[in-house]
Structure formats: structure tokens, C-alpha cells
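Asks: Spelled out from the first residue to the last, the chains are:
There are 2 protein chains.
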Amino acid sequence: MNVTAILFEGFETLDMFGPVEMLGASGQFETKFYSLEGGVVTSHQGVPVQTEMLDEAHEPEVLLLPGGMGVYAMLEDDSFIERLAELSKKATYVLSVCNGAFLYARAGVLDGCRATTYKARMDRAEEMFPQVKWERSARWIVDGNIYVSSGVSAGTDMALGFIADVCGRDCAEKTARYAEYTWNSNPENDPFAC
Amino acid sequence: MNVTAILFEGFETLDMFGPVEMLGASGQFETKFYSLEGGVVTSHQGVPVQTEMLDEAHEPEVLLLPGGMGVYAMLEDDSFIERLAELSKKATYVLSVCNGAFLYARAGVLDGCRATTYKARMDRAEEMFPQVKWERSARWIVDGNIYVSSGVSAGTDMALGFIADVCGRDCAEKTARYAEYTWNSNPENDPFAC
Chain G
1 MNVTAILFEG
11 FETLDMFGPV
21 EMLGASGQFE
31 TKFYSLEGGV
41 VTSHQGVPVQ
51 TEMLDEAHEP
61 EVLLLPGGMG
71 VYAMLEDDSF
81 IERLAELSKK
91 ATYVLSVCNG
101 AFLYARAGVL
111 DGCRATTYKA
121 RMDRAEEMFP
131 QVKWERSARW
141 IVDGNIYVSS
151 GVSAGTDMAL
161 GFIADVCGRD
171 CAEKTARYAE
181 YTWNSNPEND
191 PFAC
Chain D
1 MNVTAILFEG
11 FETLDMFGPV
21 EMLGASGQFE
31 TKFYSLEGGV
41 VTSHQGVPVQ
51 TEMLDEAHEP
61 EVLLLPGGMG
71 VYAMLEDDSF
81 IERLAELSKK
91 ATYVLSVCNG
101 AFLYARAGVL
111 DGCRATTYKA
121 RMDRAEEMFP
131 QVKWERSARW
141 IVDGNIYVSS
151 GVSAGTDMAL
161 GFIADVCGRD
171 CAEKTARYAE
181 YTWNSNPEND
191 PFAC
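Line by line, the protein sequences give chains G and D.
Following our numbering from start to finish, the first sequence increments by one per residue and tops out at 194.
Following our numbering from start to finish, the second sequence increments by one per residue and tops out at 194.
Hint data in this document are derived by calculation from the structure and do not stem from the laboratory.
You can take every hint at face value.
You can't tell identical chains apart in this list, so a pair holds if it fits in one copy or across any two.
Subject to a maximum C-alpha distance of 25 Å in a straight line, what follows is the list of computed SDA-like cross-link-like pairs (lysine to any residue): (1) LYS174 <-> PRO187; (2) LYS174 <-> ASN189; (3) LYS174 <-> ARG124; (4) LYS174 <-> THR42; (5) LYS89 <-> GLY38; (6) LYS174 <-> GLY70; (7) LYS89 <-> VAL142.
None of these values were measured; they are calculated from a predicted model.
Only chain G is shown next, with the shape it has when bound in the complex:
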């Protein structure tokens, strides 16, 4: 399956690359990187990633969105939010990590859905997006075709959960072993619950 990963200035490094590692290592997914304008986009921890223009992303099977300090600027960018809403409707699966869920919430993707986000921003999420059923204790949440995780490293656990759902539990466990990763495989086991 193809993965359309959307980046923006100040995205959180591990939000994106934990899932990209696991999806890629499973052998079942190929990720391409996009941003609104294309070109080099730099993470909050200084990783400069080459991206294609978001207009060139068509029919994503898996849409993947990180969080990070850069989220708050993107919430005010109407053309980004509009394009995100369009792509979310076309995607087979819609994934976000950390406060990336704020962007889906702004785009209307999470209206009436169960969701979670970065625990240190949960109060703000509840204030800004009361139409979403935010959960304060969850490593990740699956609601229909939407997967949203808690902060940063929770995205890696969610990615393995997603692989298990789509490709089978064996594939996820093999991928975790390959990466010498101790997978927290229970989405309800949240060591960082509010």
C-alpha cells in the first residue's frame, strides 16, 4: 500500500519516522513525503526532508500526519486544511500522531469520532474541538478507518497496531522483532494517561 506522509515546518521527528520505520520494515508499505509547497521541510529537531508538492498527492491509501510545534501555524493555513480535508475523504486509512490530531479536527475529519492526542495538549484539544470525543487514557484510538495516537513515541506503537490490523498480527510482531522494539501492543495501556 502507498503511504502519503504530510510534513510541515516544525513537525516532530519521531512522530513521523517511528511509523515510517515500522511501515517500511514490514515490507507492506511504501511512503512518499509531501508538503503544501514542496521542497525541503525541516523537523523541530532539525531533520531536513525533501518533499513533493501536496497537489501531486492523489488517492492516498494511507494518509499519515505527524504533530509537533509546527501544528499551530498550520491550523491557521486555510489552503492546507482544505487540502487535508479533501485527501482524508479519499484515503482508505487516516492516521495521525500526537497533536497532528488537531489538524484533522480542524479539517472536520474527527467530528463525532473518538480520538486522543498529546497528553500535555489534551485540555487545549477539548477547548478547541468539543465536537470530538477526546479520550484521556489511550495509547491510540481506532474509530472506523481513523487511527490517532498519543504523543510522539505512541505513534510507533500505533503503527504496529495498524500493521497488525491490515497485514496480520504475525507481520506486526515480526516487524517489531526486526527493529528490536518492545511493542506496547495494547492500545488501552497508556503509561502517560492524563
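Position chain D against the provided structure of chain G, taking the given hints into account.
Replies: Chain D only, in chain G's frame:
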């Protein structure tokens, strides 16, 4: 402190970006990315990263090297190995993740040192580099100013261990909490021991 991160085609995504996340999130380190030729270098899982030429890397405080499938081609690249040996001598700290240790071993950096590597490549490490004291059970190993970790996600635990040693345990624990990361903080606790 500045971190000189060395990339090559086919590096393993999480080997590099787990440590970069933790080092950056601690607020104590700034990472720059280099490769032998400069330009865009793509990870084994498809992440295209913009890099500077390795010749422009001077006096690294922290030298950081990932592993990955791309390691085996670099072992045969004499100019890369020579430059790596030079930079390792100048660096205050020398770090590698996974089979990145093969490159330091080839460059003579690990002669007579205790070290570990990706568990699925331990036999090969012992055959190729008998001058290194390889350890079959270790999440990571510290020998003097050299830090080497086991496979892929072990690098993230090692990075937090390195932060603890250099900046204090509180800083490492705060960084792990920030990233909602359950840190395996004991280098001898190796769930993937040979």
C-alpha cells in the same frame, strides 16, 4: 553541543531519528546531517534527507552513525572509512546504532573495545572484526567515549542514556516523558539478547 550525523544510502530510518528526536528534544544538542557526497540521501524506508558534504564537518562534538542495509556498501568505500576514522579521532563522543558499529570497526575505532551491534548480525561481526570485544547481551555499551547500541530502536534507549551521562538523569527522564516514551534505562536489560 553539536551533533554530526553521518548518513548514507540505505541507512535505517529509526537508527538515526530515534536518537535525533531525543537529543533534540532534550534541548541540549543540535544535529546537522552529512554524507560523503552531500545532497539528498534516502533511508532504506524511503526518507529523503538533505545533507552537507562530509568534508565540511569539522571538530564534531558528538559523532552519530546509523546502521542499515547501506552499511555493507560503505564498508568497501575507502574514502568514507578514512574520513570516518579522522572524524572519530576528533570527536568528543562517538555513537553508533545497530550495524553502524561495523563501520567504526572497519575504521579501527573499536579495536580492543567492548561493543555490541544488531543481534541478527552478531555472528558476522565476530567473524569480520575479531579485534572487537563483542557482547551478545547488551541494549547498549559504553566504553570510554564510545557508545554503541543494539538494533534499531535500541539507539533511542542509548541516546537517553547518553543524555543522562552528559546532561544528568533528570534531563533524560524529562525528555522521555516529553516524548511519552517508556525508556529502557538499563543498558544490561536486553530483551533481544542473542
